[in-house]
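Chains as they are written, first to last, in this note's numbering: chain A, 1 to 212; chain B, 1 to 208.
Be aware that a few hints might be false.
To be verified - Stretch-level coverage of chain B by chain A, calculated; a stretch enters the list once three of its residues show a Cβ under 8 Å from a Cβ in chain A:
{"hint": "1", "segment": "2 to 11"}
{"hint": "2", "segment": "30 to 42"}
{"hint": "3", "segment": "100 to 109"}
{"hint": "4", "segment": "184 to 191"}
Claimed, not checked - Computed list of lysine to aspartate or glutamate pairs in DMTMM-like fashion (alpha-carbon distance at most 20 Å, straight line):
{"hint": "5", "chain 1": "A", "residue 1": "62", "chain 2": "B", "residue 2": "128"}
{"hint": "6", "chain 1": "B", "residue 1": "179", "chain 2": "A", "residue 2": "63"}
{"hint": "7", "chain 1": "B", "residue 1": "173", "chain 2": "A", "residue 2": "35"}
Quick caveat, the hints were computed from the structure, so don't treat them as lab data.
A virtual CB, placed ideally from N, CA and C, is assigned to each residue, including glycine.
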Amino acid sequence: MASIEESGDSGHKKGPGVKKAKKLSTRVDMTPMVDLGFLLITFFIFTTTMSTPSTLDLFMPKDTDKDEDQNKAKESGALTIMLGKNNAVYYYEGQLLPDASNFQSTNFSKIRDEIINKRKAVIASHQHDANCEKIWAKNGGDKNSCLDRDFVVVIKPDPDATYKNTVDILDEMTINGVKRFAMVDLFPQELELIQKTEGTFVAPPAAAAPAK
Amino acid sequence: MTPFVDVAFLILSFFMLATKFKPPEPVEITTPNSVSTKALPENDAILVTLDSSGRVFFTMRVEKDQMLKYNVIKNMNDTRSLGLSEAEMKNFVKADAIGVPFSQLKQLLAIPAEDQRNIKQPGIPIKDSASNELFYWIRDAVSAFSGKKINYLVKGDNNAKYPAFKEILNSFKRNDIYKFQLITAVEDVPVGSELYKERAAQEAKGKK
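Please take these sequences and the hints and turn them into a complete structure.
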């Protein structure tokens, strides 16, 4: 306040020739404010988390030792997918043959076609089951749900598979509408096959193959 | 320049309002993508974090009742005779993620909660069932929540190995918990796939 009055006083130099006070511009220099504004914008852009994370539901079955409690899968409708090192994917249909001739290797971009083909094959070979349709009709569901009833995907990640691979393959189940799938451990025979394919197989001294 | 500045400030206010700060994390995690669109539940959750080198962290997310966390550590202290002081237990309530074996818990909680993030924690042991400490953390946390609906979240890094993930699932399973939610980033549904058709059908239904 005082300083304003003071400056006002000092500005009151009215000479005889000067009739009007010099008109001061009312414009304020906005550059610092704009600078600050942009600084804040950059700050908020960097700190903001635009991608809100989502969650993928995973339901695991209860472990059971009793054989009769295990879920049974029809051999004709089973597809076993194994995940290996460096995003490698291996699969076989039905049971693994003793000579492993149906063991095939592929990758993540091609496994989807395999799942779709297998599902189509299962649907094509589906035999009419009035009982199943009755149950679905009673529950208000679609009777077409019976068509791929026998289709089961068994997922077996090996010790070198990454978490990303695991989530990706679970996601693939959702994408392709696979209703029945299970995540289980590899059999020693399968692990051996994978390691042979990857060239990391070391003949085990005992029955158990080394993990790495 | 004035319209330009106007727009700039509009953007600024948008970001200020829309920003939600990342909750502090013990380690940098890059989550995998999935087509799932289910939103992440914020609170009343037990979060297990798995980083790329296989370290496991345990976090309890509680909104209101901070006594809950205190009860967990108090119970833990009594049953496992960790020898924590009152101040250290209070510190646990403020602490974010725990990633140390029980033997080092006292050491960790002696450090103020804000500084804990700067310390490299070795992770909770999960390797075999005898030394699986995550099991006890989950058990005590579940009993502290007692009857409330809890979400079990697993947040894993892209490069984490499957065996570690399996051990986490086993720790949950030993507590009779079978439903998990894996935290992922959103990804588009591939065009032409089964899910794509399903979602398109749902959308068409919704419009009618």
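Hint-by-hint comparison with the structure:
1. 2 to 11: holds (count 4)
2. 30 to 42: holds (count 11)
3. 100 to 109: violated (count 0)
4. 184 to 191: Since 6 is at least three, the answer is holds.
5. 62(A) to 128(B): Holds, at roughly 19 Å.
6. 179(B) to 63(A): Distance ~13 Å between residue 179(B) and residue 63(A) Cα, so the pair holds.
7. 173(B) to 35(A): 55 Å, violated
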